[in-house]
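Student: Can you build the whole structure from these sequences, using the hints too?
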Amino acid sequence: MVAEAQVWEALDEIPDPEIPVVSLVDLGVIRSVDVEEGQVRIEFTPTFLGCPALEFMKRAIEEKVPGAEVKVIQDDSWSTDKITPAGREKLRAAGFAPPAPRLVQLQSQVHRCPYCGSTETKLENIFGPTPCRSLRYCESCRQPFEQFKTI
Amino acid sequence: MNEQALLGLADDELVLGWRDSEWTGIAPMLEEDVAFSSISQNEIGHARAVYDLLVGEDGDADALAFDRRPEEYRCAPLVELHLLEWAHTIARRWLYEVADEIRVTSLKADSDSAVAGLAAKIDREEAYHRMHAEMWHGRLRDEPRFQAAVEELWPYALGVLPAELRGELATRVGLAEVEPVERGTHVDDWPSLWDEMTMVRRSAPAGAQW
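Chains A and B supply the protein sequences, listed in that same order. The working numbering numbers the first residue of the first sequence as 1 and each following residue consecutively. The working numbering numbers the first residue of the second sequence as 1 and each following residue consecutively.
Please keep in mind that the hints were generated in silico from the structure rather than gathered at the bench. Incorrect hints may have been included.
[What the hints assert, rightly or not] Below are the BS3-like pairs computed for lysine-lysine, each with C-alpha atoms no more than 27 Å apart in a straight line: (1) A:K90 x A:K64; (2) B:K108 x A:K71; (3) A:K64 x A:K82; (4) B:K108 x A:K90; (5) A:K122 x A:K82; (6) A:K82 x A:K71.
Tutor: Here's what the structure looks like:
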């Protein structure tokens, strides 16, 4: 019999297809895991609705947890605030500025460079290589970097 | 759930996503090439989510999106226009985003929690489209060519919203209400876009495999 904790562990081994330094669990897109009489049910939410990796993620989950019923939930339960502290640290270490918490972002508009920590950064482009990223430039260490958008 | 209104929203997002993606590869700046491609991807994602909601769990969103005759689409004529000219393109983006914000805000208060939840999710992403549209509006608003494009598209922009929300749009945009170009009518640019959009689907009705 599979335990819920084992399912979470397995899901934590699935890398995000676009930013593989973080797992689906780090990203906070696994909304629930439910095990009842041996049947595993997993609900997950897309980050961005236009995410082309949605089907890919669904298949990856089904392969990792054979027999699981996987459901995509398109409600408003995900925001970048759901990214776990571990996930944020992994993003930063890989040169992606993690998204500021929504409350902070709405009030301050401060963006910190993931390389040197300076807040002297400027927006280069609201849009980047995937829908979830913006492009910024650090004026302190002169490093361009990708900023995970707060949504 | 007002299905016709939701179908209109989904068709708007699908068709505008298609139109804006016409800049992919040829936008005047690399940044805009990326921006238009990304915005289009989001808009088409929103369309997919709304079609999914309309067809229900076992339904086929692709069938709803692509198996209708051109006259059956419920998109506003604004999004059908073929506008490969920058002032008009930005005028449409700006007018559409202002109208869409009013519409999505009203849907967030919908009594159907599935509709309200999806509208809230869409709204999070649209915030970045609005930033982009406002940035360009700020740059171009004093340019006569841009002002002329806004004037020209204004009756079409009014047609994005139901009558009761048009007053708010007029106030936000700063123009007086005029006779709108209504949803349910189609412009001459539409049939060729429909033909292109549905070509793969019609050539492989069972579903193309990639």
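Student: Does each hint hold? Answer for all of them.
Tutor: Hints, verified against the model:
With a C-alpha separation of about 22 Å, the suggested pair K90 of chain A and K64 of chain A falls inside the 27 Å cut-off, and the hint holds. Distance hint between K108 of chain B and K71 of chain A is fulfilled; the C-alpha atoms sit about 23 Å from each other, no more than 27 Å. Distance restraint check for K64 of chain A and K82 of chain A: the Cα-Cα separation of roughly 22 Å lies within the 27 Å cut-off, and the hinted pair is therefore satisfied. With a C-alpha separation of about 34 Å, the suggested pairing of K108 of chain B with K90 of chain A is violated against the 27 Å cut-off.
Of the pairs offered as hints, the one joining K122 of chain A and K82 of chain A holds, with about 25 Å between alpha carbons and a cut-off of 27 Å not exceeded. Between K82 of chain A and K71 of chain A, the direct Cα distance comes to roughly 18 Å. Compliance with the 27 Å bound is thereby established for this hinted pair.
Violation of the numbered hints given earlier is confined to hint 4; every other hint is satisfied by the structure.
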